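Asks: Dock chain B against the given chain A, drawing on the hints supplied.
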Amino acid sequence: GAGVSQSPSNKVTEKGKDVELRCDPISGHTALYWYRQSLGQGLEFLIYFQGNSAPDKSGLPSDRFSAERTGGSVSTLTIQRTQQEDSAVYLCASSLDFGPNTEAFFGQGTRLTVV
Amino acid sequence: AQSVTQPDIHITVSEGASLELRCNYSYGATPYLFWYVQSPGQGLQLLLKYFSGDTLVQGIKGFEAEFKRSQSSFNLRKPSVHWSDAAEYFCAVGDDGKLIFGQGTTLQVKP
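Going down the list, the sequences are from chains A and B.
With our numbering as the guide, the letters of the first sequence map in order to residues 1 to 115.
With our numbering as the guide, the letters of the second sequence map in order to residues 1 to 111.
Just so you know, these hints were derived from the structure itself, not from any lab.
Please note that the accuracy of each hint is not assured.
Said to hold, decoys possible - In silico SDA-like cross-links for lysine to any residue, where the CA-CA straight-line distance does not exceed 20 Å:
{"#": "1", "chain 1": "B", "residue 1": "K110", "chain 2": "B", "residue 2": "G62"}
{"#": "2", "chain 1": "B", "residue 1": "K49", "chain 2": "A", "residue 2": "G99"}
{"#": "3", "chain 1": "B", "residue 1": "K49", "chain 2": "A", "residue 2": "E103"}
{"#": "4", "chain 1": "B", "residue 1": "K68", "chain 2": "A", "residue 2": "N101"}
{"#": "5", "chain 1": "A", "residue 1": "K11", "chain 2": "B", "residue 2": "G43"}
{"#": "6", "chain 1": "A", "residue 1": "K17", "chain 2": "A", "residue 2": "E85"}
{"#": "7", "chain 1": "A", "residue 1": "K57", "chain 2": "B", "residue 2": "A1"}
{"#": "8", "chain 1": "B", "residue 1": "K61", "chain 2": "B", "residue 2": "T106"}
{"#": "9", "chain 1": "B", "residue 1": "K49", "chain 2": "A", "residue 2": "F105"}
Just so it is clear, the structure is predicted and the values come from calculations on it, not from any experiment.
So that you can see chain A by itself, here it is in the shape it has in the complex (with noise of 0.2 Å):
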């Protein structure tokens, strides 16, 4: 597509409950980053990926979190036993390659409730 696409654009769960965050990236871009955006505390990196393996996931806040990525395309974003304190937005972005000057277009963002 055009640019990053995530679903669901918003995600009310009951605490207790899983829930799968999907992000498809822009075609041809290898990596993928997911970051989570929350009142308390801004803009949060959580884990990126180059291709389908992921180098860095020290962002992830537990074990309840964890993240795959498939085809070199498609990421799934998923938390376990959510809690309250995981409400919040959660962006995905995705770049042609990997590096630190390599510009990041982001999608708009699932928001998540946890009730």
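Replies: Chain B in isolation, oriented as in the chain A frame:
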């Protein structure tokens, strides 16, 4: 550790007035610096970036930023603000491919 500080959480300017948003960074090597804008309900859009060379960089929508190594700053400027510039602005430093963001500055534009 690498970090980015945006000292102003909220700024209000009148339409047509000039704007400067402050950004300070802490980074051990030559920084790769970015400014992004986020309008309500939208994702982040890149305004401009600095990698090397000329320290004054031009971006989209009439924005510019100046890299000052001596001050560890990368302030964003616009000579004349439009009502449509009301948004949240994020400064970021590239760190090993990922972005480290400041806390953001919310810009309000008065008519």
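Asks: For every hint, state whether the structure bears it out.
Replies: Results for each hint:
1. B:K110 - B:G62: Status holds; Cα separation ~19 Å.
2. B:K49 - A:G99: 14 Å, holds
3. B:K49 - A:E103: 9 Å, holds
4. B:K68 - A:N101: Roughly 18 Å separates the two Cα atoms, so the pair holds.
5. A:K11 - B:G43: Holds. K11 of chain A to G43 of chain B sits at ~17 Å (cutoff 20 Å).
6. A:K17 - A:E85: 13 Å, holds
7. A:K57 - B:A1: 17 Å, holds
8. B:K61 - B:T106: 17 Å, holds
9. B:K49 - A:F105: Measuring from Cα to Cα gives roughly 13 Å; hence the hint holds.
Consistency with the previously given hints is maintained throughout, with no hint failing.
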